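Undergrad: Sequence:
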Amino acid sequence: MDEAARAWWKEATVYQVYPRSFADGDGDGVGDLSGLASRADYLADLGVDVGWLTPVYESPMADNGYDVADYRAVDDTFGSMADWRAVRDALHERDIRLVMDFVPNHTSDEHAWFRASRAREDGKADWYHWADGVDADTVAYDAPDEGPSGEAPPNNWRSFFGGPAWTYDDERGQWYLHLFDPKQPDLDWSVPAVRAAIHDELRYWLDEGIDGFRLDVVNLLSKPDGYPSGDESEPFNGSLRLVPDGSRIHEYVSGMSEAVFAGHDLLTVGECIGDLSVEEAARYVEPDGDGLSMVFHFGHVGIGRGDALWEREPWSLTDLKAVFDRWQNGLAGRGWNSLYFENHDQPRVVSRFGDDGDYRLESATCIATLLHTLCGTPYVYQGQELGQTNPTFESLAEFRDVETVRTVEEALAAGEIESFDDVRDGLNAHSRDTSRTPMQWTDGPNAGFTDPDAEPWIRLHEDYREVNVEAQRSDPDSVWHYYRRLIDLRAANDVLVYGAYENHTPEDEQVWAYSRTLGDEAAAGAESDRAFVALNWGGEPARVEPPASLAGAAATLALSNRDGAPAPERVEPYTARPWEARVYLLD
Numbered sequence: 001m002d003e004a005a006r007a008w009w010k011e012a013t014v015y016q017v018y019p020r021s022f023a024d025g026d027g028d029g030v031g032d033l034s035g036l037a038s039r040a041d042y043l044a045d046l047g048v049d050v051g052w053l054t055p056v057y058e059s060p061m062a063d064n065g066y067d068v069a070d071y072r073a074v075d076d077t078f079g080s081m082a083d084w085r086a087v088r089d090a091l092h093e094r095d096i097r098l099v100m101d102f103v104p105n106h107t108s109d110e111h112a113w114f115r116a117s118r119a120r121e122d123g124k125a126d127w128y129h130w131a132d133g134v135d136a137d138t139v140a141y142d143a144p145d146e147g148p149s150g151e152a153p154p155n156n157w158r159s160f161f162g163g164p165a166w167t168y169d170d171e172r173g174q175w176y177l178h179l180f181d182p183k184q185p186d187l188d189w190s191v192p193a194v195r196a197a198i199h200d201e202l203r204y205w206l207d208e209g210i211d212g213f214r215l216d217v218v219n220l221l222s223k224p225d226g227y228p229s230g231d232e233s234e235p236f237n238g239s240l241r242l243v244p245d246g247s248r249i250h251e252y253v254s255g256m257s258e259a260v261f262a263g264h265d266l267l268t269v270g271e272c273i274g275d276l277s278v279e280e281a282a283r284y285v286e287p288d289g290d291g292l293s294m295v296f297h298f299g300h301v302g303i304g305r306g307d308a309l310w311e312r313e314p315w316s317l318t319d320l321k322a323v324f325d326r327w328q329n330g331l332a333g334r335g336w337n338s339l340y341f342e343n344h345d346q347p348r349v350v351s352r353f354g355d356d357g358d359y360r361l362e363s364a365t366c367i368a369t370l371l372h373t374l375c376g377t378p379y380v381y382q383g384q385e386l387g388q389t390n391p392t393f394e395s396l397a398e399f400r401d402v403e404t405v406r407t408v409e410e411a412l413a414a415g416e417i418e419s420f421d422d423v424r425d426g427l428n429a430h431s432r433d434t435s436r437t438p439m440q441w442t443d444g445p446n447a448g449f450t451d452p453d454a455e456p457w458i459r460l461h462e463d464y465r466e467v468n469v470e471a472q473r474s475d476p477d478s479v480w481h482y483y484r485r486l487i488d489l490r491a492a493n494d495v496l497v498y499g500a501y502e503n504h505t506p507e508d509e510q511v512w513a514y515s516r517t518l519g520d521e522a523a524a525g526a527e528s529d530r531a532f533v534a535l536n537w538g539g540e541p542a543r544v545e546p547p548a549s550l551a552g553a554a555a556t557l558a559l560s561n562r563d564g565a566p567a568p569e570r571v572e573p574y575t576a577r578p579w580e581a582r583v584y585l586l587d
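So for the sequence shown, the UniProt record's numbering puts the first residue at 1; every next one is plus one.
Please keep in mind that the hints were generated in silico from the structure rather than gathered at the bench.
Owing to the predicted nature of the structure, the values given are computational and were not obtained by experimental measurement.
Idealized CB from N, CA, C, for every residue including glycine.
Any given hint might turn out to be false.
[As the list claims (entries may be wrong)] Distance ranges between label pairs, derived from CB positions:
{"#": "1", "residue 1": "Asp307", "residue 2": "Gly123", "range": "38 to 44 Å"}
{"#": "2", "residue 1": "Asp265", "residue 2": "Gly123", "range": "41 to 47 Å"}
{"#": "3", "residue 1": "Asp41", "residue 2": "Gly209", "range": "16 to 22 Å"}
{"#": "4", "residue 1": "Ala548", "residue 2": "Gly333", "range": "52 to 58 Å"}
{"#": "5", "residue 1": "Gly209", "residue 2": "Ala116", "range": "26 to 32 Å"}
{"#": "6", "residue 1": "Thr318", "residue 2": "Arg241", "range": "48 to 54 Å"}
{"#": "7", "residue 1": "Ala116", "residue 2": "Arg241", "range": "46 to 52 Å"}
{"#": "8", "residue 1": "Arg334", "residue 2": "Gly163", "range": "38 to 44 Å"}
{"#": "9", "residue 1": "Glu569", "residue 2": "Asp45", "range": "41 to 47 Å"}
{"#": "10", "residue 1": "Glu121", "residue 2": "Asp307", "range": "37 to 43 Å"}
{"#": "11", "residue 1": "Gly123", "residue 2": "Pro287", "range": "15 to 21 Å"}
{"#": "12", "residue 1": "Asp421", "residue 2": "Asp207", "range": "48 to 54 Å"}
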């Protein structure tokens, strides 16, 4: 393997921790840093290389910490800076790197910067997107109740969390932009002092010894000049099309990389929302591009979703293949992929793309096989390694997610839906809260997440007595142990990290069979220079026919998720059982 092409973050498996729901150390019902530190051995036992920590900064928690009031302080909800350093040290002592989630697009409205900007003080008057309103009689969109009489916001954009994307501020006498919650005003990155200030905040955490950043909605930093109104027939009145990947975005991101990341061996992953193309993504991650390690795109997790939060649409396996093929092939030799299905904003993949009924275990492990045998860095979200499924919320009162609650309340007020029951099933499929229920450690009170007499901040999943860490670690055939074997297999075989991808069944609606191949230089010294992966993506048997280029080749069946799988010495045709996954390493 060419050493120049290697990078630790390419070979790593990343584990995402959502601290609020991971482990509660002080017994108040909310997960915290001391709870995480106490579970550091768990991450080491699973075999992951990186812990990604979602925001623990000081925050009023309008959006569970993505509304930052002080980038350099830890919120009391999670503990103290000493607790954070204890987590850092606990992970580093176990050879696990630490990546921090950082929010560069917006702050809390309680941040000192916003207060100064509102008051036009300390040279920060222009640090946020402030604009005058317009005469409501001259525009086609409605004026919200909270603005001055007869005045409409600067444009018709809608917030991604529901409602207008502009809020009127009485003290300032102007409107400010917030693409998310009103308590999350957007910073104006066209102001050099804003960019310099964010760079300083990033450096602070590098000086604290972290190993990288996940950059929240990083492709929203460049707003269109003049704030043009969008097409009201589009989602969010066009704001989701007009803002992402704006005209100065690569200037801003490359400037951040040059000013902060250069000279450090970091994992940097940028979340890029909207309809991100492979060509646009390449500009962020190419060797001569913006300096990011990789991006999170939404092409695959958007499959099966409608325009509204609760809308579901039919999907097919070929839809999923087409997205992965486009990204696997499009970034080959140009950049690096991230591989994920779940995170704190996405539902459980077994419920989304698998079978959360009779074949929960088999579909969980089949999907995991895909995640760990494609080209890219796999990300595992807490509980995914247990094959967790979506919980069933029975009322709107059980939800805690600001996006879910506000969107439903707005739809009820507008008469778009008659009751929560109209959208219950869709919310149980797509709400962000589906993946935020507490980590299921045991079958005991509160799933071992918090003290027995505490009330968890969000309801427990109804299946925690059957699906939990304790039970799965004692069962060698569990989803947890399969993840452990997968992580080990990938770490031991360069072909599963660096090998070129070729899909051999692009049109098959049930079988996904592909190969990974190392080039001649990369293959030198490797135990195997080719791999063949076959996945039966469904609840019926399916025939797997290896391509002619691989059929009959000497091979070892390195991993299978089904008991009793034969161990042939060659790649041969076979009938795959429901949700069966096989990984062959060719001699």
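Undergrad: Compare the structure with each hint and give your call.
TA: Right, here's what the structure says about each hint:
1. Asp307 with Gly123: 38 to 44 Å: holds, 42 Å
2. Asp265 with Gly123: 41 to 47 Å: violated, 35 Å
3. Asp41 with Gly209: 16 to 22 Å: About 20 Å separates the Cβ atoms of Asp41 and Gly209, which means 16 to 22 Å holds.
4. Ala548 with Gly333: 52 to 58 Å: With a Cβ separation near 25 Å, Ala548 and Gly333 fall outside 52 to 58 Å, so the hint is violated.
5. Gly209 with Ala116: 26 to 32 Å: The hinted range 26 to 32 Å holds for Gly209 and Ala116, with Cβ atoms some 30 Å apart.
6. Thr318 with Arg241: 48 to 54 Å: Given about 26 Å between the Cβ atoms, the range is violated.
7. Ala116 with Arg241: 46 to 52 Å: violated, 32 Å
8. Arg334 with Gly163: 38 to 44 Å: Holds, at about 39 Å.
9. Glu569 with Asp45: 41 to 47 Å: The hint (41 to 47 Å, Cβ to Cβ) is violated, given that Glu569 and Asp45 are roughly 33 Å apart.
10. Glu121 with Asp307: 37 to 43 Å: With a Cβ separation near 41 Å, Glu121 and Asp307 satisfy 37 to 43 Å, so the hint holds.
11. Gly123 with Pro287: 15 to 21 Å: Given range 15 to 21 Å: violated, Cβ gap about 37 Å.
12. Asp421 with Asp207: 48 to 54 Å: Roughly 52 Å apart at Cβ, these two residues keep to the hinted range, so it holds.
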